[in-house]
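K.L.:
Each chain, letter by letter, is given below.
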Amino acid sequence: GESVGLHLPTLSVQEGDNSIINCAYSNSASDYFIWYKQESGKGPQFIIDIRSNMDKRQGQRVTVLLNKTVKHLSLQIAATQPGDSAVYFCAESGQNFVFGPGTRLSVLP
Amino acid sequence: EPEVTQTPSHQVTQMGQEVILRCVPISNHLYFYWYRQILGQKVEFLVSFYNNEISEKSEIFDDQFSVERPDGSNFTLKIRSTKLEDSAMYFCASTTGGVLAFFGQGTRLTVV
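Chains as they are written, first to last, in my numbering: chain C, 1 to 109; chain E, 110 to 221.
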């Protein structure tokens with residue numbers, strides 16, 4: 001069956017460094033992916049999305065890379081800030097949205 | 110900025126009782142969703158709703174669950190006879206049909 005999973009459950013980075021959060025998916029027919037940020041006690045917050053006809057998409061301080069060959073998605077956060085500390089989920093769009101298990105990003109001072 | 114609102118923020122109920130979780134989606138949105146998140150786990154799809162009917166539901170969404178859009182603004186999730194394992198955060202989301210960008214803050218359901 002289809003599944004979306006993450007390679008690393010936790011990630012700690014120094015403030016100011018770049019963060020890379022990875023995600024693997026198994027449904028090669030998926031054509032749309034989203035990254036969400038979830039802070040403690042809050043709902044998922046949309047960060048950035050990408051369609052399968054793209055390899056890369058940039059937002060403000062964030063970049064999503066899609067490698068369809070190996071079914072891998074990554075989220076890069078530039079100059080990580082304390083406010084970036086949260087759990088990050090990738091989600092795969094089909095009839096509904098399938099979420100991965102999440103990676104907790106901790107930003108160290 | 111438009112937002113999805115959910116009430117209550119926290120609901121405690123006894124096992125076997127019925128609960129209704131309420132959501133007010135963004136006003137011009139057409140597609141509505143319920144997701145749940147058991148503590149420390151990933152967000153799981155429950156049900157999607159469009160044009161006053163269920164579009165899709167997951168295997169979690171069994172006969173104990175139902176959804177309704179009673180008045181054109183609210184979107185509710187009812188659990189008829191709660192079980193301990195229903196304890197979770199329940200998130201409502203809405204879209205115009207595109208990006209699933211708008212989630213509510215969630216209702217924490219605790220079944221005791």
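Fair warning: there could be bad hints in the mix.
Claimed, not checked - Straight-line Cα separation of at most 25 Å, SDA-like style, residue types lysine to any residue; simulated pairs:
#: 1; chain 1: C; residue 1: Lys42; chain 2: E; residue 2: His138
#: 2; chain 1: C; residue 1: Lys42; chain 2: E; residue 2: Ser136
#: 3; chain 1: E; residue 1: Lys187; chain 2: C; residue 2: Asn96
#: 4; chain 1: E; residue 1: Lys192; chain 2: C; residue 2: Lys68
#: 5; chain 1: E; residue 1: Lys166; chain 2: E; residue 2: Asp195
#: 6; chain 1: C; residue 1: Lys68; chain 2: C; residue 2: Ala24
#: 7; chain 1: C; residue 1: Lys42; chain 2: E; residue 2: Ser167
#: 8; chain 1: E; residue 1: Lys151; chain 2: C; residue 2: Gln45
#: 9; chain 1: C; residue 1: Lys71; chain 2: C; residue 2: Ala24
#: 10; chain 1: C; residue 1: Lys42; chain 2: E; residue 2: Asp172
#: 11; chain 1: C; residue 1: Lys42; chain 2: E; residue 2: Gly206
#: 12; chain 1: E; residue 1: Lys166; chain 2: C; residue 2: Ala24
#: 13; chain 1: C; residue 1: Lys68; chain 2: E; residue 2: Ala210
#: 14; chain 1: C; residue 1: Lys56; chain 2: C; residue 2: Val13
#: 15; chain 1: C; residue 1: Lys42; chain 2: C; residue 2: Lys71
I should point out that these hints are in silico values taken from the structure, not numbers from a laboratory.
K.L.:
Would you mind marking each hint as holding or not holding in the structure?
P.N.:
Hint check results:
1. With a C-alpha separation of about 21 Å, the suggested pairing of Lys42(C) with His138(E) holds against the 25 Å cut-off.
2. Annotation: proposed proximity of Lys42(C) to Ser136(E) holds, straight-line Cα distance about 21 Å (limit 25 Å).
3. Simply put, Lys187(E) and Asn96(C) have alpha-carbon atoms about 20 Å apart, close enough for the 25 Å limit, and the pair holds.
4. For the given pair, Lys192(E) sits about 41 Å from Lys68(C) by alpha-carbon distance, which is inconsistent with the 25 Å threshold.
5. Between Lys166(E) and Asp195(E) the CA atoms are separated by roughly 16 Å; this keeps the pair inside 25 Å, and the hint holds.
6. Between Lys68(C) and Ala24(C) the alpha-carbon distance is near 10 Å, which keeps this suggested pair within the 25 Å criterion.
7. Distance hint between Lys42(C) and Ser167(E) is fulfilled; the C-alpha atoms sit about 23 Å from each other, no more than 25 Å.
8. The suggested pairing of Lys151(E) with Gln45(C) holds, with an alpha-carbon distance near 14 Å, which does not exceed 25 Å.
9. For the given pair, Lys71(C) sits about 6 Å from Ala24(C) by alpha-carbon distance, which is consistent with the 25 Å threshold.
10. For the suggested pair Lys42(C) and Asp172(E), the alpha carbons sit about 28 Å apart, so the restraint of at most 25 Å is broken.
11. Note on Lys42(C) and Gly206(E): the hinted pairing holds, with a Cα-Cα distance of about 23 Å set against a maximum of 25 Å.
12. Proposed proximity of Lys166(E) and Ala24(C) is supported: the alpha carbons are some 24 Å apart, at most 25 Å.
13. For the hint pairing Lys68(C) with Ala210(E), the CA-to-CA distance comes to about 23 Å; that is within 25 Å, so the pair holds.
14. Distance restraint check for Lys56(C) and Val13(C): the Cα-Cα separation of roughly 23 Å lies within the 25 Å cut-off, and the hinted pair is therefore satisfied.
15. With a C-alpha separation of about 29 Å, the suggested pairing of Lys42(C) with Lys71(C) is violated against the 25 Å cut-off.
Violated hints, in rising order: 4, 10 and 15; the structure is consistent with all others.
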